[in-house]
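*Asks:* In order, the protein sequences belong to chains A, B, C and D. Anchor point for the first sequence: position 182 equals 182 in our numbering, and the numbering is continuous, going up by one each time. Just remember that our numbering sits 1000 ahead of the position in the second sequence, which is counted from 1. Just remember that our numbering sits 2000 ahead of the position in the third sequence, which is counted from 1. Just remember that our numbering sits 3000 ahead of the position in the fourth sequence, which is counted from 1.
One or more hints might be untrue.
To be verified - Straight-line distance between alpha carbons at most 25 Å, and here's what the computed SDA-like set of lysine to any residue pairs gives:
no. : chain 1 : residue 1 : chain 2 : residue 2
1   : A       : Lys419    : B       : Arg1380
2   : B       : Lys1375   : D       : Arg3351
3   : A       : Lys419    : D       : Asn3043
4   : D       : Lys3014   : B       : Phe1010
5   : B       : Lys1102   : A       : Leu345
6   : D       : Lys3359   : B       : His1017
7   : B       : Lys1375   : D       : Leu3015
8   : A       : Lys27     : B       : Asp1128
9   : A       : Lys156    : C       : Glu2073
10  : D       : Lys3359   : B       : Asp1053
11  : A       : Lys27     : D       : Asn3043
12  : D       : Lys3166   : C       : Glu2073
13  : D       : Lys3014   : B       : Val1394
14  : A       : Lys156    : D       : Asn3043
15  : B       : Lys1102   : A       : Tyr234
16  : D       : Lys3359   : B       : Arg1208
17  : B       : Lys1102   : A       : Gly260
18  : D       : Lys3014   : B       : Thr1370
Because the hints were derived from the structure by calculation, they are not lab data. As the structure is a prediction and not an experimental result, all values here were calculated from the model.
Chain by chain, the residues run as shown.
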Amino acid sequence: MTALTTLAERFRPGAPGQKRRGLTYPKALLLVAGALFLLSLVRVITEENSLTATDQWVSAMTFAVPIGLAGLGGLWAERSGVINIGLEGMMMLGLFAAGWIGWQHGPWAAVAAGIVGGALGGLVHALATVTFGVDHIVSGVAINILALGVVQFLAKQWFGNEGSAAAEAGGNDKQSPPMDRIEPFSVPGLSDWLGDLAGQRWFLVSDAAGVLRALVHNVSWLTVLAVLLFVGTYLLLWRTSFGLRLRSCGENPQATESLGVNVYLYKYVALIVSGALAGLGGAYLAVLIRMYQDGQTGGRGYLGLATMIFGNWRPGGVAAGAGLFGFMDALQTRGGGAVVHATLLLFALVLLGLAVWQYLRGRRVVAAALAGTAVLLWAWYQATDTMPLELVTASPYLTTLLVLTLFAQRLRTPRAVGKPYRRGQDT
Amino acid sequence: MALRGITKRFPGVVANHDIDITVQRGTVHALVGENGAGKSTLMKILYGMQRPDEGTIAIDGEQVSFKGPAEAIARGIGMVHQHFMLADNLTVLENVVLGAEKAHGIGARARRRIAELSDTYGLNVRPDALVEDIGVADRQRVEILKVLYRGARTLILDEPTAVLVPQEVDALFHNLRGLTDEGLTVLFISHKLGEVLSVADAITVIRRGTTVGSVLPAETNPKQLAELMVGSELPTPATRESTVTDEPMLTVSGLHLSGTDSDGLRREVLADIDFTIHRGEVLGIAGVEGNGQAELVEAVMGIRTPDGGSVTLDGAEISTASTRHRREAGIGYVPEDRHRHALLLDAPLWENRMLGHVTEPPNSRGPWLTGGQAKADTRRIVEEYDVRTPGIEVTAGSLSGGNQQKLIVGREMSHQPKVLIAAHPTRGVDVGAQAQIWDEIRRARHEGLAVLLISADLDELIGLSDSLRVMYRGRLVADADPATITPEELGTAMTGTASGHLTAEPAEPADGSESTETDTPADGSGTPDGNDAEGGAR
Amino acid sequence: GESSTESNDNEGDKGPGIAFDVGGRDDHSFNESAATGADRAGEELGITPEFQTARSGETNADRVQRLTALANEGYNPVIGVGYLYGDSIQQVAADFPDTTFGVVDAAPEGDNVYGMVFAEHEVSYLAGVAAALKSETGRVGFIGGVNNPLIQKFEAGFVQGATETNPDIEVDVDYLYADDDRGFADPAKASEKANAMLGRDVDVIYTAAGSSGSGSVEQVAAVEGAWAIGVDSDQYQQPGLAEYKDSILTSGVKRVDVAVEDLITAVHNGEAPSGVHEYTLAEDGVELSTSGGFIDDIQDEIDAATQRIVDGETTVNDTP
Amino acid sequence: MKAGGFLTEERREKLVLGGAAPLLALVTAMAITSLVMVVTGDNPFTAFSVMFDFGIKSDSQVWILNKAIPYYLSAVAVAIGFRMNLFNIGVDGQYRVAAFFAAVVGGALSLPGFVQIPVILLVAMVCGGIWAGIAGYLKATRGVSEVITTIMLNFIAGSLIAYFLKEGRLAEREGNIVHTPDIPGSSHFFEFATSVQPIHGTVLLAVLIGAAYWFVLSRTRFGFDLRAVGRSESAAEASGVSVTRTVVTAMLLSGAVAGLVGMPTLLNESGNYGNDFPEGLGFTGIAIALLGRNHAIGMGFAALLWAFLERTGTQLEFEGFDQEIVGVMQGIIVLSVVVAYELVRRWGVRRQQRLVGEKLARARKSDNDQAEVSA
Ligand SMILES: Nc1ncnc2c1ncn2[C@@H]1O[C@H](COP(=O)(O)OP(=O)(O)OP(=O)(O)O)[C@@H](O)[C@H]1O
Ligand SMILES: Nc1ncnc2c1ncn2[C@@H]1O[C@H](COP(=O)(O)OP(=O)(O)OP(=O)(O)O)[C@@H](O)[C@H]1O
Ligand SMILES: [Mg+2]
Ligand SMILES: [Mg+2]
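Please put together the full structure from these sequences, using the hints given.
*Replies:* Right under this line is the structure:
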């Protein structure tokens, strides 16, 4: 909790043969399989078929992608040692730029514009934090305020101006004229085959088919792009020398500088990419609703930041965090109270599993607490058939809070994140 | 390699002034000088991290001018810094290849090359270990490996031995010899003159930023060298007349502490710690860093909660008391890492004077602060302890290390502690300040203060202590009589090879105490991660 | 120093001053409708209306200031568009007794305050009738932007209309947000809601969610045989929705334009209307649009229902 | 020791440094804003003079002052966190929850004003404190970053209020507004009558909180502990401050002050909590705390500046400018202020180090001279 604990972490009497932390592939696969099993189980018990329905998962992806992109942007920034609380603002810039270019030049141009818009925000953040050494959070907040102001001002100037071409085409002070659609695609044979399979309602098999079908049915090209960016980020940051340098800027910039690496440059690059990713997240929203509309980001930049911490500063983790968020959001949007009610059972089962795990590791108290909570959730599930809308709306946030409370202590922040760094200065 | 007329000015300070040094290929060249003499600055200039204001550098007769470390590296210069420059969260391999990825990539080829180098020079590093998991000596070797990996022909080592025990120092010197035999050049900075004399082929002395002489080790002795360095005679840490009473002041019994590492496994950090310190006694604890000394200090201070055992202060049980309560009850604390644990670097001196004693006069009355009185008392401390500062409103961060330490000692002593817990009280402090701090400890001891002393400087430890314990893997494994033990023996015991009561062989002590007088403890590089994050808190 | 009121003494001769909600004058909804009414009145009477728009996240104090400024500059009547202006109008009206204040969707008190409220539940009843008649699957849906009293009026009328027309019909009722005005500007969410409803075989969806509505309409348009019903203005005519207009069955229109135009004209003619006026189906204050001709085949039933409401035979609930 | 001489020099310098940053920032911000306006074809000078003229009108001043009250309270709540490196993004949720339940309690009771007003304030502070305390507790015991928890709690607060703010639950309906039962008139806060609109009595509350903030932080042991944790957690811990307890306490305090943010609106204006209750004041508070450098008086000026911009922005519309320019100005001002402060701070540090260095060099030189003399 305090810096003093790091002394203990460092202390490893006769440290040889320590283990590397993190998920190995088999472990991750096992987890996924376990999750699917639980989901199927709950589906069968509660008869809420939408839990594993393809549309539910397609929609989860739709909600997850912009948050995930913001989270990925946060990851780039923080891996290079700079906190980026300005993601929200950069997303707004991306959203705006996409809406502005989109109605004139089409959705793909909008995507490009969104990336550029967000990158500009990242550049401002880099200028403030890297060159001028402003506190990262302070600069981020300032960027959020500025971006909001600029976007609203320009929207009024460019979209809502009486008699302008934009206003003719349907723009107003709060929104841009609509742009063309990017048509989603389905993989022909596979999509139908999985669809048939999912329709059988077989335990586990149909559930797996339903979920997998979301990957081949009505998939947005931008989602594909986002997935590629996640994979690309992993490869770039963890498999290339560029990534090694960038990450070491976030771990120990002094050491990095002393090895002849231009830390400022890497931080600049990281922040511009960070902004660009957030901007792409904004552009995704614009393309989704086919226009810029005031307030569309709706705090997704902050949520992205949350998924980044949730995901332990790793692309896979960010994706999982955004996925969870998207899943819960889709569930509550599409299904409403009844379906979210079913997840009570899901949570109860998950907590029960965790309780067993903790018990096996000798943590009786924690195990008992978890088991107790699980029983309470189960009782709640039994006693009611639905959940009030208000609670349903809050469910993604409650879930995030719960998961973080359980796992926050296993997180590993980049060491130098948030510390101002001056070239040639020791501290 | 030749450095001619190097001058470097910082705002208000001339760090280097007309420096002339010639280094022969294939030799070990030592650089000595007191704290702040400008050694590190000079090396940073050579490594391209700083640009000289005047002067020239020539390598193999060719004039060079580096714009950054990258260019120096390209010219075959490598540097191991005074403070470790490693990223804890990355693996050894990643730390080594960083910045030099072009050579062998970052994958299997690099791993092979590292293994090869490690074997050739007997460095014995494990490429896939996380740096945060390895010990200080290993880190040191990783630093050297980093330099070799870049194909350096000239190695700069800035105080590499400060944190090593004598055996590790020997191993390091052995490695260095191996390097010079291969035709590499080593430039080496140390405050430990004995070492310098034993390993160097040539020595250059720097005083107040300028070269005051070059000597050959064969032609000088530690005393002469020290006087050349400082320009005057040196104080000695030796203290012999005993003031120990039989009145127990601090008793620790059966202390046990285990911690959970990030894998969730529990490890024993401290076990079966028993000791008693009496009024007027200094108990020294020797041990290689990371064997639990820091945790012991924190457990006694109440910063960590042990899972067993008791701590008694002057007859009062304080095992469950808070840190603040313990301090109020009379424990003074000079922490090992002053920047992280003893000072608020951005706060003025007088606020730093309150730190840790904010509940006591003259800092507060009831819940209210009494800033005026605290300021007045800060002025007194500045005066009495000779803290060199333009005033008490400047931030603590702008004082030099030695002056910061004097302020800390002054602060702790101002509250008439019954027990002082001093961890590396003179680390990185220059000789003048060091003598003052020693004097202060001795004076208070005379008046009945009990001291728990932890130090990596074995001479200091032996010189100040009334009794000695050796700590190894969280246990007190041996004890020794400071009157008879030598640093070498103590060093051996610290590696875990001895237990029980250590007795000295009759012939040794004379030589040992000779070197005692001249060694100055090393600069504050003992905390390998001085630039650590302060927790992950945001 | 002097106050801004003192430095201005132009008394009520500047024509109408309209203060919009955050949506602004071109929101393709009730703000736009109010603007149309004002423009029309302006043209006829030869005066120029002044338009002002709220910023996002405004407080009562900001609205008070806007209205004060308009009144102060001499605009008359001063009209606040949207129920949020209710409190502030009442407050400001007290300071400007010679100016007539109007407010859309709220019913504040005051001698010089004219509240214009609409019988959304009545027109929604008709929408429910149309939905029930047009649905082939026997399931219709309602999507509200925010679960607040205003939107609940739409829900109540729609559900009643549908069930009274076809007692076997199932009505899916859902809201985007419980209490967050984002619900009026989140088309992505509306789109998912609609998609989920369509997946449950709902084939007519009535969406009362401001600009979020376009998301729902878009989903409906993608499904053969499904219908969307719009609100506030005739969404068939809306340029932004042009490509989906063949799926827009009808819209529950609030004649905010008529109400505003009438008020401006009255004030221009020296009258000072006050009190609360409900614009009902009976006086064409609300109506079901017919553009596209998709409800021509059921016009008789709709007319009958209208007649029942006008005659008081049917009382439409305004709460669910 | 020429301590006296140095001190006056230092004091003078402090003044210069203190004044330089805001000045630099304001000039930069005006320059950039002008540039934006020129680019978009507006005349910045006209705009500025419209704003200035309108801003100094007496009713404008009252309006600005009233508007600044919640901003200031919100900034203080944020600043309490900032002073110890806690980033309380959750002031927004905290004040809404607090104001809601305070309004419910206020509407349910009908005690004499002098009892009921304190009860309402207390309820608000307790509710705000609890809501923030959740984040503090999770941070202290589970190490969950308060940034995330407070973001989540903001969203959850919205849902919580939405649940209870329903006819038949804790609220009643009036036209299209649902709100909690009205607080009896006797429990409204007093006002100061002026020649124009009255000034809200809650301004006293803000002054009181500001003074307490300043006093507690700079004059009490607790404040010292809090600042120590903010400056260096590790040093504070070693000095005997319980960091976890301080974290929780600070969050509780921050939340308690946040709880008051809604009070000026509740007790001086609306008299109830309805679905038209202002939102987002917490985020404005962050901006104002940054602008005012967490300084009790600085934040006061910042809050007034913010309110000034909002007041005069609306007036711009009448002159044919877009009021949205105010949003741009606010952003630019915050950004230029933080950059300017950092530049000036850095310059100050460099100066101080130079002073220390010079002093040290002088001392050494005299040592040297002495050494040489004695040698
Ligand atoms: N970046 C800097 N800016 C200003 N002054 C500096 C800087 N670096 C060093 N100095 C000054 O230069 C002097 C020489 O510092 P240097 O670090 O070279 O000393 P050193 O001989 O290595 O001392 P030590 O034995 O403590 O390591 C110091 O007194 C310090 O005041
Ligand atoms: N980057 C820097 N910029 C400005 N001044 C610096 C810098 N680095 C060091 N100094 C100055 O140098 C002095 C301390 O330097 P340095 O750390 O080398 O001294 P030291 O006595 O060796 O301290 P320590 O023992 O803690 O290393 C201080 O006066 C500090 O202000
Ligand atoms: Mg040095
Ligand atoms: Mg040093």
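*Asks:* With reference to the structure, classify each hint as holding or not holding.
*Replies:* Results of checking the hints against the structure:
no.	hint	result
1	Lys419(A) with Arg1380(B)	35 Å, violated
2	Lys1375(B) with Arg3351(D)	22 Å, holds
3	Lys419(A) with Asn3043(D)	41 Å, violated
4	Lys3014(D) with Phe1010(B)	23 Å, holds
5	Lys1102(B) with Leu345(A)	54 Å, violated
6	Lys3359(D) with His1017(B)	18 Å, holds
7	Lys1375(B) with Leu3015(D)	21 Å, holds
8	Lys27(A) with Asp1128(B)	21 Å, holds
9	Lys156(A) with Glu2073(C)	24 Å, holds
10	Lys3359(D) with Asp1053(B)	22 Å, holds
11	Lys27(A) with Asn3043(D)	64 Å, violated
12	Lys3166(D) with Glu2073(C)	39 Å, violated
13	Lys3014(D) with Val1394(B)	12 Å, holds
14	Lys156(A) with Asn3043(D)	17 Å, holds
15	Lys1102(B) with Tyr234(A)	20 Å, holds
16	Lys3359(D) with Arg1208(B)	15 Å, holds
17	Lys1102(B) with Gly260(A)	13 Å, holds
18	Lys3014(D) with Thr1370(B)	22 Å, holds
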